[in-house]
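Chain by chain, the residues run as shown.
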Amino acid sequence: MVKKALGEIATIVGKDHLLTAREELLCYSFDATNQKFLPEAVAFPHNPQQIAEIMVLANRYHFPVIPRGAGSGFVGGSLPVEGGLVLALTKMNRIITIEPENLIAIVEPGVVTGTFQEKVEALGLFYPPDPASLKFSTMGGNVAVCAGGPRCLKYGVTKNYVLGLEVVLPTGEIINTGVHTLKGVAGYDLTSLMVGSEGTLGIITKIIVKLIPLPEARKTMLAIFPKIDDAAHTVSSIIHERIIPSTLEFIDQAAIRCVEDYLHMGLPTHAEALLLIEVDGEITTVTRHCEHIKTICVKNAASEVTIAQDQEEEERVWKARRSISPALLKLNPHKINEDINVPINCIPQIIRRINEIARRYQLINVNFGHAGDGNIHTNLMINKENPDEEKRAELAVKEIFQATLELGGTISGEHGIGITKAPYLEMEIGKKNLALMKQIKNLFDPNLILNPGKLSLQS
Amino acid sequence: MSILKELSKEASRCVKCGACLASCPIYAETLSEVTTARGKLSLIESLSTGEIQLTSKLKDLLSSCLICNACGEGCPNNVRVEEILLEARKELVVHRGLPFAKKLLFLLLRSSPRVLPSYLKAGSLLQGLLLEKVPQESGLHLRFSLPYLDKRRLIPPLAKRFFLHSHPSLVKSPQEKRCVGYFVGCVTNYLFPHLGETTVRILNRQGTSLVIPHEQTCCGLIAFGSGDWQSTQKLALSNINAFEQFNPDTIITTCASCAATLKAFYPRLFKNADPETQKKVERFSNKIMDISQYLTQEMNFLPSALQKSSSPKDPLPTITYHDPCHLNRTLGITREPREILKSLSHLTYVEMKEAARCCGMGGLFNLTHYGLSLEILNHKLDMLKEMGVEMVATSCSGCMLHFIDGIHQRGMKIKVLHLLEVLETEQGR
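Going down the list, the sequences are from chains A and B.
With the first letter of the first sequence counted as 1, position 336 gets the number 335 in numbering that gives the first Met the number 0; the numbers rise by one all the way through.
With the first letter of the second sequence counted as 1, position 178 gets the number 177 in numbering that gives the first Met the number 0; the numbers rise by one all the way through.
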């Protein structure tokens, strides 16, 4: 279907910005889910007008259009599951303006989040959302899935920083939503509707974000707990004492063992849990909070608490956290990575239930994640060459989701729904909400051509 | 193609997370997945399943890589991207052959050690016909464009006397404490013989005599990088035999690319050879040492310890260091060159941001993708400009050539020096 329109698309974006060779298309057939769907063509637009013209063509010839940032999503949100045209937005990567006096910045969707953060931090400003992929994922992609990260606990997630958007609608109109100011309540909050819509309602072409002052200091500490319940209780205690760390990461025993096996950095493999805590703010407050947190940890039976004294020690601690991912692959070649989120005080319960489910299905599982906000990355380590194991993992995931919902949680804290979680969406939001979502989708995209096959929107 | 299946198996360890996008200097320019490591790895997988064939498009895509291995270093799963790509290129050559120009070049390289120098000798006499002198530069421009050679390019002239022709195979130090082999390399031999002379002078002064076998030839990196393992193996054996008769316990190099080839790539080339050859290659590779390592570790050479000047009144000229990929990522040498530069009393050392980012040379990549190669270099040049340094030192002849050309293209005034040349500026004071 795209074939008929190729000539016209080439005229719109320029033939140097259109890929059609099979070898090139293969490079756009995957994302971080490692699933594969071949697009029919890939176009690199440079401005919203080009995208608008392409959308008009898409409606005329009825071909799917799939917006894509860095292709680093974990749920298949940018995969061309029904073929069609991939719109790679990586070349729309200008930081249009940073306005320290207004505390806002305007960026194009292809700007890499980490690059943007470096730029604003050089001006003493701060854009906190920090998905693990920030060195390569894009602002557009982050907004489309409402990406979050460890800093969520103190600073919130992407949606807390998006003030307004420029969006090309599936029908080809260009609209502006939201404001250039720190508040604004005129009309329905279409900005919020777009944030997290996973590229199903429109293509984001400009993003207005809020900035805050860069904290003066930051300190990292590591606490080791022989018992997992004590670690969980520590998390609650810290928050109960009204200290909000900028990061509060949790690593379970299986993950500790993997990392130790991988790095040999002297982590105690007998410990059931490890907390990685980061505090930021004014230097005097940071020091005071660190001491306070240390006391809380010790009171909760931590066997060891270390406050990193310099950058080198800090780096050592973070290296452990970053190494979890490769270290896990020693257990089994494939991992199913879920990002369930429960209320903070339910963490010990959900971990116990996950471990019980995994045991019942005879699966290796590892848990780590953002304990401070209840977002647990539960990883089932499997070998896909064993189809039975894959089947068991599928059943286990469903039970884990059920348990999560029973505890008042959500099936996705920060990755989104895409295709991998689509079958479970209704479990969480219910028939009525899903029907309403479908109606909204139809209103925006009557021909259902924008990013089809995602979010369970097809009836 | 069982090798392809093997490669594909290693390639399939890539989970397509996208971390390689952050480290790839080519992706930073193209912003297209077709140039990323995960893209190339997926192509190798598709090739092994028969989903795609050995097309010229595929060859193009696999050739647009600097083999800088920044992606491999940053890969959370430690996928050996560089090894996979080099092996894949070899398979392409085995099944599809080399482009004519490369075939001719490598044929010339692997011919007897006398053939290439005699062609180049003629070249050095005739270069005035093809090339014109660039005013105020010690370089040349082509009078007209040639395949692979852009007219804009600043080409260093061929030396009037090649280094190997003008030195005996044994240069004794008056205060001999040690005797080591010296692998000269093509750039030093044909283009920058003064660099070889500097090496001899500095080492002689330190009590090191040098064995310089005249039968040594090109290290073979450009053939290896192009997938022509046969030619590289031939060159490797020529070099190994050339040094074997003198049997030095250490062989020093002054070029990062030669060092990486002799030390890291030769054993790979012969991994399927008979045990005896393997041992012979390994013995040779174990002897290879980069000059900065030799000076700091074996000679305890820290110049300012010898010659400490009083604190200067005027601010000292500033110098920074560019990490060659082959020294840094292939051989893990980063500390030694900095130690040397920091110890100099007549210069102020400033660390460059992203010093380990590839300069964009990438061997023949610079010929086949000249424009892109310069764009990649521009990041480094912008950095130098921002720092306001007067000199940039490095220890790879490839990087040097590329920096010299790029700085000329932009009309900048920064001096490009080999680490040893910097040393000589101090010792000459």
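In short, the hints are calculated from the structure, not lab data.
In this text the structure is predicted, and so the values were computed from the model without any measurement.
One thing to keep in mind: the hints can contain errors.
[Stated by the list, open to error] Derived lysine to aspartate or glutamate pairs resembling EDC-like cross-links, with alpha carbons at most 20 Å apart:
1) A:118 - B:385
2) B:8 - A:384
3) B:286 - B:214
4) A:35 - B:9
5) A:134 - B:420
6) A:318 - B:72
Status of the hints after comparison with the structure:
1. A:118 - B:385: The given pair, whose Cα atoms are some 15 Å apart, holds under the 20 Å limit.
2. B:8 - A:384: holds (13 Å)
3. B:286 - B:214: Distance of about 18 Å is within 20 Å: holds.
4. A:35 - B:9: holds (18 Å)
5. A:134 - B:420: This hinted pair is violated, its Cα atoms lying about 37 Å apart.
6. A:318 - B:72: holds (14 Å)
When held up to the earlier numbered hints, the structure conflicts with hint 5 and nothing else.
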